[in-house]
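Engineer: So the chains spell out like this:
2 protein chains.
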Amino acid sequence: MNPAEVVDEFIRRVTSDDLDGALQLVTSDVEYDNVPVGTNIGPEAMRTFLVQMMAGIDEVVFAVHRQVATGNTVLNERLDRFRIGDKWLDLPVAGVFEVNDEGLISLWRDYFDMNTFTERLTAILG
Amino acid sequence: MNPAEVVDEFIRRVTSDDLDGALQLVTSDVEYDNVPVGTNIGPEAMRTFLVQMMAGIDEVVFAVHRQVATGNTVLNERLDRFRIGDKWLDLPVAGVFEVNDEGLISLWRDYFDMNTFTERLTAILG
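Residue numbers (the numbering used here), protein chains in the order written: chain A, 1 to 126; chain B, 1001 to 1126.
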């Protein structure tokens, strides 16, 4: 797999409830940075964050609108969609990934507006 | 200029107080979208937004950490730095650009966290 394909497969696993499989595609010192929230280092910290993020979420879709890769760097523009019951929380996201020469992700950094997430979550949960 | 070079030159003009020159590099229906804020259509709307954004700013630097281009699409990861007096407001940003075949930017979309901007501005202005 080239770096863009690694990112595609990683996203496929993250959004299909295959967290163990996703973590097989990251380095042991992977940096997982949600810019407004902060950085997690290592697969277990990534797992903890993702498990917490997915709590109460019934379905997740990352709709990738644009994805561009050069060398080890992959940047994408997405709409991350979280289904809660029969409602969807849509979060616009721009992602930065670095994939090493062994095909493992060493950086996943997402840019988004935290207030957008919070307000849409509140609108759904009431 | 290829699309990445158009973006480079556009950023150079925006950050060197050459707004007229920057607007020469955009289409007449350019979409300028600051994701947490909203979309502006057309060069004059872009001008109005940028003039308001730069009010009270003494110096602007867009430090481009990563930039990747394929076809007409350019994505980058930046630290946008705004100097107010002797203090810098640093805003992490991910940008999406589309450059048409005539070398004009038809889309500039920036992803960032609005609270980060507001909190850092408040910290500087008191």
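For the record, the hints were derived by calculation from the structure and aren't laboratory data.
Think of the CB as a built atom: it goes at the ideal place given N, C-alpha and C, for glycine as much as any other residue.
Incorrect hints may appear among the rest.
[As the list claims (entries may be wrong)] Part of the chain A face toward chain B, derived, beta carbon under 7 Å:
hint	residue
1	E5
2	D8
3	N34
4	V35
5	P36
6	G38
7	R66
8	V68
9	T70
10	T73
11	L75
12	V96
13	Y111
14	M114
[Unchecked claim] SDA-like mimics (lysine to any residue), calculated; alpha carbons at most 25 Å apart, straight line:
hint	chain 1	residue 1	chain 2	residue 2
15	A	K87	B	R1013
16	B	K1087	A	G38
17	A	K87	A	R13
18	B	K1087	B	V1051
19	B	K1087	B	N1034
20	A	K87	A	P43
21	B	K1087	A	V37
22	A	K87	A	A69
23	B	K1087	B	L1050
24	B	K1087	B	I1041
25	B	K1087	A	P36
26	B	K1087	B	A1045
27	A	K87	B	G1038
28	A	K87	B	D1018
29	B	K1087	B	A1055
30	B	K1087	B	G1042
Engineer: All hints, please: hold or fail.
Structural biologist: For each hint, the structure was consulted:
1. E5: 15 Å, violated
2. D8: Since chain B brings no Cβ nearer than about 15 Å to A:D8, farther than 7 Å, the hint is violated.
3. N34: Constraint on A:N34 not satisfied, violated at 10 Å.
4. V35: Holds, about 5 Å.
5. P36: Hint holds; A:P36 Cβ to chain B Cβ min 4 Å, cut 7 Å.
6. G38: Nearest chain B Cβ about 12 Å off; hint violated.
7. R66: Result: holds, 6 Å to nearest chain B Cβ.
8. V68: 4 Å, holds
9. T70: 5 Å, holds
10. T73: 6 Å, holds
11. L75: Holds. Min distance 4 Å.
12. V96: 5 Å, holds
13. Y111: A:Y111 check passes; min Cβ-Cβ to chain B is 4 Å, inside 7 Å.
14. M114: At about 5 Å, which falls below the 7 Å cut-off, the nearest Cβ of chain B leaves the hint on A:M114 intact, so it holds.
15. A:K87 x B:R1013: 43 Å, violated
16. B:K1087 x A:G38: The hint holds at about 23 Å.
17. A:K87 x A:R13: Given that 25 Å is the threshold and the Cα spacing comes to 22 Å, the pair holds.
18. B:K1087 x B:V1051: Status holds; Cα separation ~20 Å.
19. B:K1087 x B:N1034: Holds, at about 24 Å.
20. A:K87 x A:P43: Cα-Cα ~30 Å, so violated.
21. B:K1087 x A:V37: 23 Å, holds
22. A:K87 x A:A69: With a Cα-Cα distance of about 33 Å, the restraint between A:K87 and A:A69 is violated, given a limit of 25 Å.
23. B:K1087 x B:L1050: At roughly 20 Å apart (the allowed maximum being 25 Å), B:L1050 and B:K1087 satisfy the hint.
24. B:K1087 x B:I1041: 32 Å, violated
25. B:K1087 x A:P36: 21 Å, holds
26. B:K1087 x B:A1045: 28 Å, violated
27. A:K87 x B:G1038: 23 Å, holds
28. A:K87 x B:D1018: 46 Å, violated
29. B:K1087 x B:A1055: 15 Å, holds
30. B:K1087 x B:G1042: At roughly 32 Å apart (the allowed maximum being 25 Å), B:G1042 and B:K1087 break the hint.
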